[in-house]
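K.L.:
Line by line, the protein sequences are chains X and H. First residue of the first sequence? That's 1 in this note's numbering, and the numbers climb one at a time after it. First residue of the second sequence? That's 1001 in this note's numbering, and the numbers climb one at a time after it.
None of these hints come from the bench; they were simulated from the model. Glycine included, C-beta positions come from ideal geometry on N, C-alpha and C. Worth double-checking, as some hints may not be accurate.
[To be verified] Some, not all, of what chain X presents toward chain H, calculated at C-beta under 10 Å:
(1) PHE11
(2) ASP21
(3) ASP48
(4) GLY311
(5) TRP341
[To be verified] Sample of chain H residues with no beta-carbon within 10 Å of chain X, all distances over it, derived:
(6) ARG1012
(7) LEU1014
(8) SER1047
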Amino acid sequence: MAPLEPYAKVFIDADSYAEVDPNHAAVGCVTCHGGVDQVVAASGSRDDLWVAMAAAHQFEVRYTSNGRVIREKPTVKGITRDPSTQPELNCNGTGCHAQIVDLHATSMHSQLWGEKAKIALRAGYESWEDCPELLKEGHARECSSCHATCGQCHVSRPTSVKGGLLDSHRFKRTPDIENNCTACHGSRVGNDYNGHHEGNRPDVHNELGFDCFFCHQENLHGDGRTDYTSRYEVEGMPRCTNCHSLAAEDNLFHAYHWPGEGSMEEGLSCTVCHSQPYTNCLNCHSGGVWNSGDPEGYSEYTDFRIGRNTGAISTHPVEHEEWVTVRHIPVIKDGFREWGWPSLQNWSSFPTWEYSSPHNIQRFTPQTAVALSNPAYSMGDCWMSCHVQGPHEEANARRFLWLSHLDSLKSSVTGLEDPDEYVRANRATAVDDSITRYWNRH
Amino acid sequence: MTTSAFSQAWWRLLLWGSLFAALQQGCERIDPITADPASSGDAVTLSCESCHTNRDYLRLLAVEEAASESAGGG
C-alpha cells in the first residue's frame, strides 16, 4: 500500500483534538508522547518553526556553516511516536485498559507464538524459551519490531506500511480493514480477499460485504496462553462450519468429500474445492530482503496446490482433513544468517509447504466445474475437473503437489548444500504415495 | 550610446534587479502560510495542537521519507 504524505501522517483535521476524541484529549498529548506542549517560535518562518518543533519534540537542531537550519529526520527524539510500545505505562497508566493490556502482552498478535515455535524447532530447540539470545534478538529486531501494538491497530496504520494516523488520532474501537488488518496481512490475506490476483474474483464473503470480524470472532487481544505452536490452535478461530453447518449433505460432492464421520472418502478441506489460486512465497524475506525483485531471493507467486495434511505441528488441528490446500512458506535453511545464525540445523524436519487457508473462497471454482449438464459427461464423470484421469488429466494434475514439482523447484530454493533436502522436507506433503485409486485411474 | 542612454539602461537594470530580489525574498517568507498570524514575523506560542491541526505548518515542516510500498507480510 502506498504510504501517506508525511504531513498527513500526523495531521488532526479539526480545530482541536478535544473535538475528535474528548476522552483521550483530556489525558493530554505529552502524558503519552512526552515532549513539551508549549513552545515559542521566534517567527512564522520555516527555520524558526523548525527550531520550535525541535524544542517541542526534544531533538537537537543542526545548522549549515552559514547558519541555516538543516531539515532532516532526527535520529533521537525526546518524544515517543507510538506510546503503546509501552502499553503498561501509556494505555493502562491509570488503569484504563488494564485487562486488555494484560492479555495483549501474551497475545498471538504481540508475540507471534507460532512463528517463534517453528523457528525454535527448525533451529533444533524444543521451545522458543530454549533458543539462544542471538535468535531472539534477531527476531525482535526484524520480526517483532513492527508487530501490532495497541496504537497500530486502533490509532494509526502499522509501522510495516510506515504509519500515519487513521482518522485524526481518533481511537477506533474496531480497526480499519484496509489500513490496519490487510496493511499487515496483505500479501496473502489482503490480496486474496480482494481478488487482486489475475483471473481471481474477490472472496465471496468480501463480495457480500463481510469484514474480517464477521468470521474472526476469536479474542484478538489474546487469552493469556503462552504455549501456542500455531495460530490455528487459538480458541474460537473461524470454522466454515460455524455458518455452513448444514451443508454436509447438500450435494453428491459434499457427501463424498466432506471431512469427518460418515464421509464416503477421506475428507477434503473446504478450500480444496472452494478456493482460487493464492499467494505463495519462495525463499526468505529476512535480512532486509523484502520484495527485492531479486530472482535469487525472496519472491511471491500465485499457485494452487492440493497436498496431504501431514499432521505435523505446523498443520491444521482439524481432524479428518486428509487433503488440504498447501502454501509454500518463506523459510530457508540459511535465512537467518544476517542475524548471525548461519543455518537452521533442523530445517528439513518440517515441510515448507504448509496447510493454508486461502481467503478467496467462491462457491464455484475451477475445481467445482464438473459440468454435470454437459451431455459429454455422465453423472459418473463428476470427477472431470479435479481427478487425475480422463481427458483433463494433465490440467487436473497441476492442482496437486507432486514430488516432480518439488524436484523442479529445488534448484530455486537458496541456502541448501544438498537440494534434495528440500524434497525430503516436503515428501510427506506430496501426494504421490497416497493419492487414492478413485482419483488416479491411470 | 550616449551618457544619458547608458544611465537609463543602468537604472532599468537596477530597478528590475531590486524588484526580482524583493519578490524572491517575499515569496520565501510568505509561502505557504500567508494567512497564518505566525508568518507576520512576530514571536508566536505554539502548542502540540496548534501545529498538528495546521496542515500548512505540517507541510512546511515535513521531512520527505523514501517512498516505498508494502503489501504487508501475512
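K.L.:
Hints first: check each against the structure and report whether it holds.
P.N.:
Do the hints match the structure? See the list:
1. PHE11: 6 Å, holds
2. ASP21: Violated - the Cβ of ASP21 (chain X) stays beyond 10 Å from chain H, reaching only about 12 Å at its closest.
3. ASP48: At about 8 Å, which falls below the 10 Å cut-off, the nearest Cβ of chain H leaves the hint on ASP48 (chain X) intact, so it holds.
4. GLY311: 24 Å, violated
5. TRP341: 20 Å, violated
6. ARG1012: 32 Å, holds
7. LEU1014: 26 Å, holds
8. SER1047: Violated, since 5 Å does not exceed 10 Å.
In this structure, the earlier hints numbered 2, 4, 5 and 8 are contradicted, and the remaining ones agree with it.
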